[in-house]
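Assemble the dimeric complex from its two separately framed chains, guided by the hints.
Chains as they are written, first to last, in the working numbering: chain A, 1 to 190; chain B, 1 to 260.
The hints are simulated quantities; they were obtained by calculation from the structure and are not laboratory data.
No incorrect hints appear here.
Which stretches of chain A does chain B cover? Using the computed rule of at least three CB atoms under 8 Å from a CB of chain B, they are:
hint, segment
1, 35-45
2, 150-159
3, 169-175
Rough simulated footprint, nothing fancy, chain B against chain A, three-plus residues with beta-carbon under 8 Å:
hint, segment
4, 55-65
5, 69-75
Even glycine gets a Cβ: it sits at the ideal position worked out from N, Cα and C.
These are the residues of each chain, in order.
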Amino acid sequence: MSDAQRRATADGELARLVADGDRLALSELYTRHSGPCFGLARRVLADRVLAEEVVQEVFLRLWRRPERFDTTRGSMRSFLFAQIHGRSVDLLRAETARRAREQREAFRSPTIDVDLERAVAELSEGEAVRRALADLSDGERGAIELAYFGGHTYREVAVLLELPEGTVKSRIRSGLLRLRAALIDAGVNE
Amino acid sequence: MNLPAPNDPELDTLLGAYALDALEPGERARVDAYLATNGRARDEVDELRESAASLALAPVDDATAPPDLWDRITSTIDAEDASGGTGGEGDDELAARRTRRGMNRARWLSLVTAAAAVVALVLATQVVSLHHRLNDAQRTGEQAAAGAFDRAGHAKGARQVAFMQTGGAEVARLVLLPDGSGYLKNDGLVPLDAQHTYQLWALTGTTAEPVAISAGVLGAHPKASAFVTATDVHGFAITVEKTPGVGQSSQIPVASATIT
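Isolated chain B, as found in the complex (with noise of 0.2 Å):
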């Protein structure tokens, strides 16, 4: 049985660098080593990568992967699963527990086709009912909703957040009462020009795993809006669109709200 190592301060000055893939080899392999025999430089080095991986978050200008760069990936597993796999360790085993897994698959692929179409129809009936009860809002006028939004910052149980750009500028404020209704008014948002639109989304679902549904379609230049939506969002986002009132965005938000 191995006696866990003691604790090192030398390799403990290391376990930074080694979380950031910035040692040299030699140092990399000592680290190794006292990994696998310290626990509690194990563990402070998986917290350590934690740190690492969330580097990667920090806003870049493209962060999209090709659209064909899955297909790429499944036609590489398709040959390997024709020819028998890749020949490497372990291949046998996880070839066994797929197979056992492959003769209850095809029954539930056709309940998970059917299931999908009733959540596409349930959400385009929630989207539609959406932009009816938007367009009531929207015909009593950006001035009227101007004034709205002044006197619902008062109203009791408001809540008042601010639309973000990527970079950190405020574009947009947005109030929401208990009851769903809200009203946004635009700071900062540029005028588009007449083949595109702003449109609001409420976040719904967990701030981890955001649903978003939308809220209406704000105009390529606009003032003030009102709204209605769920009571439960936490969120909100705004995207520009070519296509008024689509049921689902490709975009990514040029804003986004956050309900704290």
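The shape of chain A in the complex, shown without the other chains (with noise of 0.2 Å):
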């Protein structure tokens, strides 16, 4: 298979290859994700260490146990990413962590090396999900980014936003499904 072949192939076929041992398939799938990984990790972690670290482990465990990718349940980036946000997620919730978060300012770091057909698929899915955040009402989209980029439960939610916890599994639910409806409709998501 040729370089112009594998960027060509589809995320599934190359975790099959990664399953057969295919190190140049496992670097295909970290150039396509690594970046939007490295970000959410940053972004609900503020620590650049912790966030490489977390992509680290993420794109290894993919390496060692390729089969908990099911291709029926879901696309490799919504996997790649629920393996990130769980793994930074239970960071953040140890107490140590959460200390050092609120400490720290948010982190810059000077762009080192963009796949520019990566990055411009990236800003367009970007700018997309940016105004289907946007159409969400102000109660789901608050809700959604503190559970998200916070690492909140819904209940620290519901303290936070100073409303009933039912409101708050209710606003998160129905706003998820309405961006995943908005996304479908950008063609984002599939």
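Following this line, the structure appears as structure tokens:
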């Protein structure tokens, strides 16, 4: 398989090649998804070093246990993001990490290397997500952002927003479902 | 045989928070048990997780993994290979599968290298060709290009797109004619210093997997430019480069446009 063919190969097939021990397939998946994965981990943890550790751990886990990705249950991207987010939240909820986060300022680093085509696709999808988020009600958007990027449980979100827990649960669920529909319409999700 | 669990409205309300990892451990365990036997709830969680994954694509200031991180991952894999695996469950089966495949790997790796060289040569030729054609067009001058931009907007089959910055501001407009010729007019790209230049890229391939082909150097302070590119483009991007006319860019686009 040439580089060009590999770049045109679907994530699911690359996952199968990873299971066969194909490091170039893992490298292609890393090229496609490591940037947003790192961005997500860094946004949740507000810590570059911890974010790097989470990305490393998740891609090593994909190499060691490729069978845990099930193509029938969603995309590789959502699988990786779920892994990244879950691990990041686990770390954040450790009391020491939370304290450290509160003491840190937002992290900025210089751009080092970017795949132009990938960056364009991500910009386009990112803008679609931004628009879809903007179309949610303030209540839905606030609850989702606090839970997802803040790493808070819905009970903590309810306290922060001074709302009943049931309201927060409903807003998270309805907001995610509306987001899904909007992104399908925008061609970002299938 | 386990019977499917009936729908539980109380647990259903937790599915959104579950997809966001926003449940406490006890509730999470209850939902895990529910999902194990309720396919409808499991399907909803899969959908909600796709939504959650999309949130990670919302624009952030820095979403680039450090360049040495991949090296650390491969070093760990090398170390595990040398020591015979992680010692974890499933190691033997995975190792056996990978050993079988490894017998065929060396032969096609050499083919990959040769194919990559051919692809690079083809791309380089395309870029040089486009640059020659662009240089011819640029000699007509920016004033002529600006006039041509206005006229092209009324031509049959002309497609007009706006370049948007990440934050959503429109910074340039472009008209593309059916024969691949096009004109760009700058509305908001700020002038660069003498060491940098804007470069225009045409995007072919698919929207999800675009291939960028250089459509020309715009200069440090473009007003209007003419260019010629492929006819099957679905979008454009503009980068800031130190070296004029690079064949591949490592820069994040400052603006992009999608042809709808």
